[in-house]
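S.K.: Residues per chain are reported as follows:
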Amino acid sequence: MAREEPAADRGRGLLKLDRLVHEPARHLILDLLEAVEGADFVFLLHHSGLTRGNLSSHLAKLEEAGYVEVQKTFAGKVPRTVLRLTSAGREALHRYRAQMRTFMSHRP
Amino acid sequence: MAKMGTSEGAGGIERRAFWSYHRDGLVDLFAGLLLALSALVRPDHLWWVWNPAGLALILGGPLLKRRITEPRVGLFVPREATRDQDALRIGCLVPAGLVAEVALIGLLVSMRAGRFPALAPWFPLLAGAALAAVLAALSGLLRLKRFLAYGALVFAAFLLARFTGTSPRSWAFGAGCAITLCGLLLLVTFLSRYPPQESVNG
Chain W
1 MAREEPAADR GRGLLKLDRL VHEPARHLIL DLLEAVEGAD FVFLLHHSGL TRGNLSSHLA
61 KLEEAGYVEV QKTFAGKVPR TVLRLTSAGR EALHRYRAQM RTFMSHRP
Chain D
1 MAKMGTSEGA GGIERRAFWS YHRDGLVDLF AGLLLALSAL VRPDHLWWVW NPAGLALILG
61 GPLLKRRITE PRVGLFVPRE ATRDQDALRI GCLVPAGLVA EVALIGLLVS MRAGRFPALA
121 PWFPLLAGAA LAAVLAALSG LLRLKRFLAY GALVFAAFLL ARFTGTSPRS WAFGAGCAIT
181 LCGLLLLVTF LSRYPPQESV NG
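Heads up: the protein sequence lines correspond to chains W and D, in order.
Under our numbering, think of the first position of the first sequence as 1, with each following residue one higher.
Under our numbering, think of the first position of the second sequence as 1, with each following residue one higher.
Just so you know, the hints here were simulated from the structure itself, not pulled from any lab data.
Fair warning: there could be bad hints in the mix.
Stated by the list, open to error - Below, a list of computed lysine-lysine pairs in the DSS-like style, where the Cα atoms sit at most 27 Å apart:
1) 61/W <-> 16/W
2) 65/D <-> 145/D
3) 72/W <-> 61/W
4) 77/W <-> 65/D
5) 72/W <-> 145/D
Stated by the list, open to error - Not close to chain D: a few residues of chain W, all C-beta gaps over 12 Å, as computed:
6) 14
7) 15
8) 16
9) 18
10) 20
11) 23
12) 25
13) 47
14) 61
15) 64
16) 65
17) 66
18) 84
19) 87
20) 88
What the hints assert, rightly or not - Partial chain D-side listing against chain W, Cβ under 8 Å, derived:
21) 9
22) 10
23) 13
24) 14
25) 45
26) 70
27) 71
28) 73
29) 74
30) 76
31) 79
Ideal Cβ positions, reconstructed from N, Cα and C, are used throughout, including at glycine.
Use the sequences and the hints to build the structure in full.
M.R.: In structure tokens:
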């Protein structure tokens, strides 16, 4: 019979959460980007409800961490910037969810 | 405990993205105007309305979306699985639609030449059912349930024409105007509720 992980160890597991993903606004951004293959800034602005400054700031952090990539293309003559979730970002999101599931499953 | 995020959550977000992208009512306006215009034209001349309209939609639709919709609610690229599914649907629906169009117009021309007299009273219902099917297909493609309601409205219009003995073209024109009005209301609401946003990086 498997030995259940002590409560203290489960609690300490929370300290290992990726804080970049844990922040609600950034989690929301990653969630939105996971649902589509790519999206522009206005899409994220519209669907997240964040302010422009807030969204820019969080996107910069996610890009710096390698979780989001920015692709600049053209639609005809109009420049277009598309944001995509990287594989590292996807893995970080899934890892975070697995950690939260483990932690929450032992809570009433 | 229910799975967090994953496909169900992502599917819900994607559905919301589609709904938001078509909240502008542009497709409703187009469908309504096309139906109303079709009702004013002789049935055997519909070929000259529908096919140019299809071309106008393919060429002008993306341009209108870029000018009106995307600056307000943004642009998204659906997941590959969704794009593949849509490509398959379009690949089946477009040829089926063309075949149905040719068949209906051919049937109408034949009936005017005196063939298939038993079918004549039922032809408007057939046309109504075909139009309703097109709207239902659009509903699936665009993930917009309101197009199912439009399809039901169009079929009901042709049904009423059949059983009241009145002109199906009048009913079709009325249904087209109703759909156009819905599209117009959606567009006005959309434009007033969502001002254009400037993208940070252009």
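S.K.: For which of the previously enumerated hints does the structure constitute a violation, in increasing order of number?
M.R.: As far as the earlier hints go, 5, 13, 18, 25 are violated by this structure, in ascending order.
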